[in-house]
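Peer 1: Below, each chain spelled out in residue letters.
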Amino acid sequence: MTSCVDFINTLSPCLVRAGWNADLANLLSLLLGVVIVATVPLLTVILLIWIERKFAARIQDRIGPNRVGPYGLLQSLADALKMLTKEDITPSGADRILFNLAPIITFATVVLIWAIVPFTPLHIGADLSIGILYFVAVGSIGAVKVMIGGWSSNNKYALLGAFRTIALIVSYEVPMILALLVPVLMAGSMGMQDLTRAQGGMWFIVMSPLAAIIFFVANLAETGRSPFDLLEAESELIAGYNIEYSGFKFGMFMAGEFMHVFTVAVLTAVLFLGGWWGPFVDQVPALGFIWLGLKTAVVYLFMLLIRNTVPRFRIDQVMNINWKFMVPLSIVLILLQSFLLRLIDALGLRPAPELANDLLANLPQTLVLLAGNLVLGAIFMHLLQRHGRTLREADEALAVVKGEAAPAGGMAEA
Amino acid sequence: MDVVADKTQLDISASVELLRERWPDAISHDNRDGFSGIIVDPAQLDDVALAMRDELGFDYLSSVTGVDYLGVADHMEVVYHAYRTSGGPALVFKAQTGRDDPRVPSLVSVWPGADFQEREAYDLYGIHFEGHPDLRRILLWDGFDGHPLRKDWQEAYYEEEHKPFDSRWPGGQVYRAEEKNVFGKNVKYPDDFDLGRLNDVSESDLYQGLGLGVDVQALDSDGLRTDRLVVNLGPHHPSTHGVFRMVVTLDGETIASLDPVMGYLHRNHEKIGERNSFLHNLPFTDRLDYISSMSNNLGYALAVEQLLSQGARYSPPTYRAECLRVLMVELTRIVNHLWSLGFLLNDLGAFFTPMLYANNEREKILDFFEATAGSRLMCNYMRFAGVYRDIPERIRSVANLVNDKVRDYNTMDYLTEMVNERLPRFLDEYDTLLTRNEILRERTVGVGVLLPEDAIALSTCGPLLRASGVPYDVRRADPYSIYPELDFDIPIGKNGDIYDRFLVRFQEMRESVRILRQILPRLERSQGEEVMSKVAHTPRVPVGEAYGRVENPKGELGYYVVSEGDPKGPQNPWRYHVRAPSFINLTALGPMCVGHKVADVVTILGSIDIVLGETDR
Amino acid sequence: METLNEWAFVGVFFAIAWVFPALPIIGAWLVRPKKPNALKKQTYESGVETVGDTWVQFRVQYYIYGLVFLIFDVEMIFLFPWAVAYERLDWFAYGAGFLFIFLLTDALIYAWRKRALEWV
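Residue numbers (our numbering), protein chains in the order written: chain A, 5 to 418; chain B, 21 to 637; chain C, 808 to 927.
The following block holds chain A by itself, in its conformation from the complex (with noise of 0.2 Å):
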């Protein structure tokens, strides 16, 4: 009743009337409802380049693209056709099929987590029961296609890149699903739709905002964004996974990984941030697709902003952040989350279910999640910077200016 099929359903009896096929018709409307949802991504991937490139230019005080179009905008088309009349190589070592198949990989399954977002109350491309393990299962082949790129390039660099693969995008899927834990527990559902309607009286950032951003940080590790882009480690790997690729295949992996990072904003966006929710979404649905938007062009400048401005932690850093302070917190979270909701029952304090869209009647319960979120983020920050400190007392050392006094002045040469 609420989505983007059945949205185009109401075109297959259309169609049936004017005397089409009954199966025919139903698979056109659902060939159609496909396309558009897909296309959403792609074309928006274009303009996305331009955006992350003349931001970037700005934070580090130069121009930016500025050539080929008003304002550079055609630039990403300009490069696309470049990488179209690329000689593309695959090095004699390779595995040529799995060497093929990861940026083709890489691509889709970007392209298919947008099959469950909600773009507006009424159109989503499928509003499954269980959204959420959908996301979580088809991200995960994030991790498969980094490996088989890098593995397959018979390159020391790609596998060093693959290796870490394994390592860090696995990890951090652990804290990201933890952390999804909570907006499920909150809206007792898995459906995107739920999930984002659970959010009209007040969205789940203020609730738990360490769910937010561990879901946030978890997510940068899986794009492969600064500061966890060891991946790709520009300055040690030089490309990491996708080294040995060029031409258009290349081209897929770029494409792929900046629409994974805007995928990454959509969602967060969406989970978090209240999805379409917004003022007159009630009257006019088409809005939310507006308010999507902005609240996803917000936490993707965030995105670029951290990009351009944090150097990169080292690989076994990342990994003890994230087992050792990113997975207990993550746990601990689900513990309090779960107790404090269940306190809340038990005190009278959720609102009405008629009343679950009033920001007024949510004050209560919000605040109670607010503060016991703000408490464990505030012990769990004391023990990280008591354990950073001990670590550090002794070597930390500002250095040591050695005072010399100069001689006489006034000597000049003769």
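A portion of the hints provided could be inaccurate.
Listed below are the simulated EDC-like cross-link pairs for lysine to aspartate or glutamate, each with C-alpha atoms no more than 20 Å apart in a straight line [claimed, not checked]:
| hint | chain 1 | residue 1 | chain 2 | residue 2 |
| --- | --- | --- | --- | --- |
| 1 | C | K848 | A | D99 |
| 2 | C | K847 | A | E91 |
| 3 | C | K841 | A | E91 |
| 4 | C | K847 | A | D99 |
| 5 | C | K848 | A | D92 |
| 6 | B | K384 | B | E449 |
| 7 | C | K842 | A | D92 |
| 8 | A | K328 | C | D913 |
| 9 | B | K171 | B | D271 |
| 10 | C | K842 | A | E91 |
| 11 | B | K514 | B | E413 |
| 12 | B | K554 | B | D410 |
| 13 | B | K425 | B | E390 |
| 14 | C | K848 | A | E91 |
| 15 | C | K841 | A | D99 |
| 16 | B | K384 | A | D65 |
| 17 | C | K921 | A | D320 |
| 18 | B | K291 | B | D586 |
| 19 | A | K328 | B | E458 |
| 20 | A | K328 | C | E925 |
| 21 | B | K27 | B | D94 |
| 22 | C | K841 | A | D320 |
| 23 | B | K291 | B | D279 |
| 24 | B | K425 | A | D65 |
| 25 | A | K328 | C | E882 |
| 26 | B | K425 | B | E473 |
| 27 | B | K27 | B | D53 |
| 28 | C | K847 | A | D65 |
| 29 | A | K328 | C | D880 |
FYI, nobody ran anything at the bench for these hints, they're computed from the structure.
Because the structure is a prediction, the values reported are computed rather than measured.
Given chain A's structure and the hints, the job is docking chains B and C onto it.
Peer 2: The following block gives chains B and C in isolation, referenced to the frame of chain A:
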């Protein structure tokens, strides 16, 4: 002179006397005109060197190099310059050996820092250093025929000894010898030529020489069999700062061994130097450490001025010229450190932003270089007994666009604003952004530690040495120019890790700004003074030797120049040796890297701050 | 019917998603120049020839990470139904979920103490 209880306080002549008393037969004074130091019998060299280091306190071996005296005297000479890290002049000692089978004992066991320099002398002169642990060619490839710095070695294409080469322009016709060579043109392969079948054995020789073999296996602690991975980082790698190569054996991601391979940019700078006239060499020094060409100029000018001052018709640089030199050199230090810090951050994985911020400031300094010397990078500004010209009245600054227009400024105002406001402001800002950054500290504190005693033994210099806690700065230890009258401190580190190097560089920029603040009023005062003393355009340099060294931003840059041959004073250096800080600092790379991760290697290399123009020469 | 249709959408999506990246690659294959030679096809290793085998038997530590992840991943999936039905659970089911999470934590601590989480 009274009896000094502590022999490490003895001055040079007393030290030499002490050594001569002990080894009367093995040690003699170098009595040639214009030469100094002592000549040690190679048979006793080990013992003498040990005594110098342990008893007399000459713990820092700055330079080792060979000289071929074919035609003058029929021997080769290895020249050593040893210093005390507490400061003071050099103890110069030489070992002479026959030309046919030159053999000198290796001093690597005494000063490990001699490692690369002895390999270089072996490479270029064919001098065998007996007892050297790993005597291979270092700059040239293994199949190279001959030793190019020997005076009887003939270079392909070049029929004559000195420039200008008449044979290349017979009768005004431009003709290049390489045009007659089949490889002179763009290489065209024969029809049946298959690059895939091309078999080069020198690589496999290299790996075997490194003990890396092809199938390196190791048992890890659990007794599981794991293969080690041999990876080449470089020569074409974004973080090796040029065509530098590290052959790395990896155990997982941990470095099991690392061997630097260099020479990809080798052009035999020193051979070129011998064929140029003394003045010709000045612009060539720019190409050594192309980030800080001004300082390179100064070092060479100092060395040649030492020689010139022995002869007639020479007057030293004027006060204003000295001020200008220090001004340029200190600006260069800031330029270089901005560059190196920016790239260190790049190596750490910050996506170009810190580098571009630093570059922004650097460009403004380069504007000044361009206005004064005519070039931004290859300044070629210093001259013997002065500088090329005075600073101009006005300066067009292309890096300071106002509404997309290039403005021009009064030069002194431009400098004053830069030194008093812009640079300090920028340094503070940069400091705020970087120094307390958690990731930066996490990545650098405790990584690549170099202990002070190792740093001295390995002959490292510059910020690398000082970050290890050794307050050795040539500007103070062996002062030149007007540095004695300037007020500045030497920042030193405590732990000798990457973070300390980072901080030391930062602080050095601040000290440079402090020096510049003292220079500007001196420039105002000396307005109108000549900047170039009278000296012939093609100076005839008196016979003799000189070692001029300066504290380059990257470390101690030394020029060992020998003027020999024509008794009237030759036009060309007989020997022109560059003691390149980047080259010698790399000795410490391997020991610093082992046990760290791959990601740390590029950071450690970045913290050494090398430039391949200087490393490979 | 409803849900089935949703899954049909996903099925079609799965089939079509591969077409999107494959099309431009095939398109590029049509227009791009093809002049391979042995030198071009060499593996890139900073400009020098590769030495030794790339597909080596690498360190076991990576495998351990994979294992730890697998355990966690599988166990965590079981938490989702628990979370979905959370509001309807009685105290016993709630406690069972807690116990399950504690077991998870226990596994983490075990791996931690066994130094399985140390990177090499």
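Peer 1: With reference to the structure, classify each hint as holding or not holding.
Peer 2: How the hints compare with the structure:
no.	hint	verdict
1	C:K848 / A:D99	13 Å, holds
2	C:K847 / A:E91	11 Å, holds
3	C:K841 / A:E91	6 Å, holds
4	C:K847 / A:D99	16 Å, holds
5	C:K848 / A:D92	10 Å, holds
6	B:K384 / B:E449	17 Å, holds
7	C:K842 / A:D92	9 Å, holds
8	A:K328 / C:D913	13 Å, holds
9	B:K171 / B:D271	46 Å, violated
10	C:K842 / A:E91	8 Å, holds
11	B:K514 / B:E413	44 Å, violated
12	B:K554 / B:D410	15 Å, holds
13	B:K425 / B:E390	18 Å, holds
14	C:K848 / A:E91	12 Å, holds
15	C:K841 / A:D99	19 Å, holds
16	B:K384 / A:D65	14 Å, holds
17	C:K921 / A:D320	16 Å, holds
18	B:K291 / B:D586	18 Å, holds
19	A:K328 / B:E458	18 Å, holds
20	A:K328 / C:E925	10 Å, holds
21	B:K27 / B:D94	36 Å, violated
22	C:K841 / A:D320	42 Å, violated
23	B:K291 / B:D279	27 Å, violated
24	B:K425 / A:D65	17 Å, holds
25	A:K328 / C:E882	18 Å, holds
26	B:K425 / B:E473	54 Å, violated
27	B:K27 / B:D53	29 Å, violated
28	C:K847 / A:D65	37 Å, violated
29	A:K328 / C:D880	17 Å, holds
Violation of the numbered hints given earlier is confined to hints 9, 11, 21, 22, 23, 26, 27 and 28; the remaining hints are satisfied by the structure.
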